[in-house]
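Asks: Protein chains in written order, with this note's numbering: chain A, 37 to 126; chain B, 37 to 126; chain C, 37 to 126; chain D, 37 to 126.
Honestly, I wouldn't trust all of these hints.
Intra- or inter-copy, both count: the list cannot distinguish identical chains.
Unchecked claim - The list that follows gives simulated cross-link-like pairs (lysine-lysine, BS3-like), each with its CA atoms no further than 25 Å apart: (1) LYS50 x LYS38; (2) LYS83 x LYS38; (3) LYS38 x LYS60; (4) LYS38 x LYS49; (5) LYS52 x LYS83; (6) LYS83 x LYS43; (7) LYS122 x LYS43; (8) LYS108 x LYS122; (9) LYS50 x LYS60; (10) LYS49 x LYS83; (11) LYS38 x LYS110.
For the record, the hints were derived by calculation from the structure and aren't laboratory data.
There are 4 protein chains.
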Amino acid sequence: MKNEKQKALINLKKSKSLIETIIKMMEEDQYCINIMQQNLAVIGLLKSANQILMEGHLHHCFANALESNQEKRKAEMIEEILTVTKLLNR
Amino acid sequence: MKNEKQKALINLKKSKSLIETIIKMMEEDQYCINIMQQNLAVIGLLKSANQILMEGHLHHCFANALESNQEKRKAEMIEEILTVTKLLNR
Amino acid sequence: MKNEKQKALINLKKSKSLIETIIKMMEEDQYCINIMQQNLAVIGLLKSANQILMEGHLHHCFANALESNQEKRKAEMIEEILTVTKLLNR
Amino acid sequence: MKNEKQKALINLKKSKSLIETIIKMMEEDQYCINIMQQNLAVIGLLKSANQILMEGHLHHCFANALESNQEKRKAEMIEEILTVTKLLNR
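Please model the complete structure; the sequences and the hints are all you need to start from.
Replies: This is how it looks when you write it as structure tokens:
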């Protein structure tokens with residue numbers, strides 16, 4: 037696994053553990069504002085994981101494809117990046 | 037538990053299960069773009085949970101405080117809402 | 037005009053002037069990445085204006101309504117705030 | 037000017053005209069919620085312009101660089117794309 041994926045994995049594991057805490061907070065009927073703040077913290081972790089994954093993708097998968105002569109694959113990868121930036125952009 | 041919190045809880049549980057899938061995808065070194073798309077799906081679920089929690093908060097906790105005469109508490113609650121919209125706004 | 041509205045107005049005027057610069061950059065066919073960065077700077081200014089307006093709204097319009105006994109108006113204002121947080125949340 | 041840039045330019049011009057309306061609304065001290073909704077509409081237009089510009093960039097500027105043998109330029113362009121996705125991701 038690439039360095040970036042490992043960093044992103046740490047963020048994902050933190051997110052999972054934080055979501056478990058939030059579910060518990062909700063089951064204990066804790067205060068909504070506190071739950072929302074934790075929820076927004078998970079969103080922050082996942083956004084950061086996403087940026088790290090994008091870095092890994094462009095530096096490795098994409099950079100490798102660029103060195104090859106697979107024109108069709110390069111064009112496909114450009115569309116994939118646009119699909120992700122479109123979702124990010126929302 | 038209020039109706040809204042129950043709906044938000046369903047979203048949180050879906051998010052947890054999807055994050056577990058993503059962690060597995062990463063451990064199996066699956067394709068980054070697929071991982072990012074799942075990751076963005078979780079962000080979507082959590083944002084939706086947040087809006088549902090905000091609805092519950094304004095309709096119940098906040099509406100109750102409005103009916104009381106606790107002026108200090110009302111002012112505090114306004115600041116809490118602003119804290120959350122500030123984070124949302126990022 | 038309230039203090040917050042004046043601050044937000046400054047952001048709006050900066051945004052207008054920056055958008056004029058961006059339109060000029062586009063008409064001169066300048067580099068897309070530079071245009072996107074300026075574009076994202078305007079989005080930042082507008083988000084910040086929005087948070088300032090929300091602060092003004094909750095501190096003044098909303099706080100005034102709370103002190104009145106217009107129950108229907110209070111309920112309406114809660115729905116208005118939710119409409120805006122829903123858009124913010126996207 | 038490329039097709040995408042022309043579409044994005046239309047969005048930018050609409051944004052400029054909408055911001056002028058918002059400035060006028062603020063100077064007339066109109067209702068904050070209405071101002072915020074218009075403000076969020078401009079943010080939507082600018083985000084959409086950004087996605088269109090990214091499409092144009094990847095389909096033209098970037099695709100052209102890929103066909104060349106300027107390895108250093110390709111690496112630079114990858115960093116530029118990451119700079120923009122980082123800002124988008126906020």
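Asks: So which of those numbered hints doesn't the model satisfy?
Replies: Going through the list in order, the structure violates no hint and respects every one.
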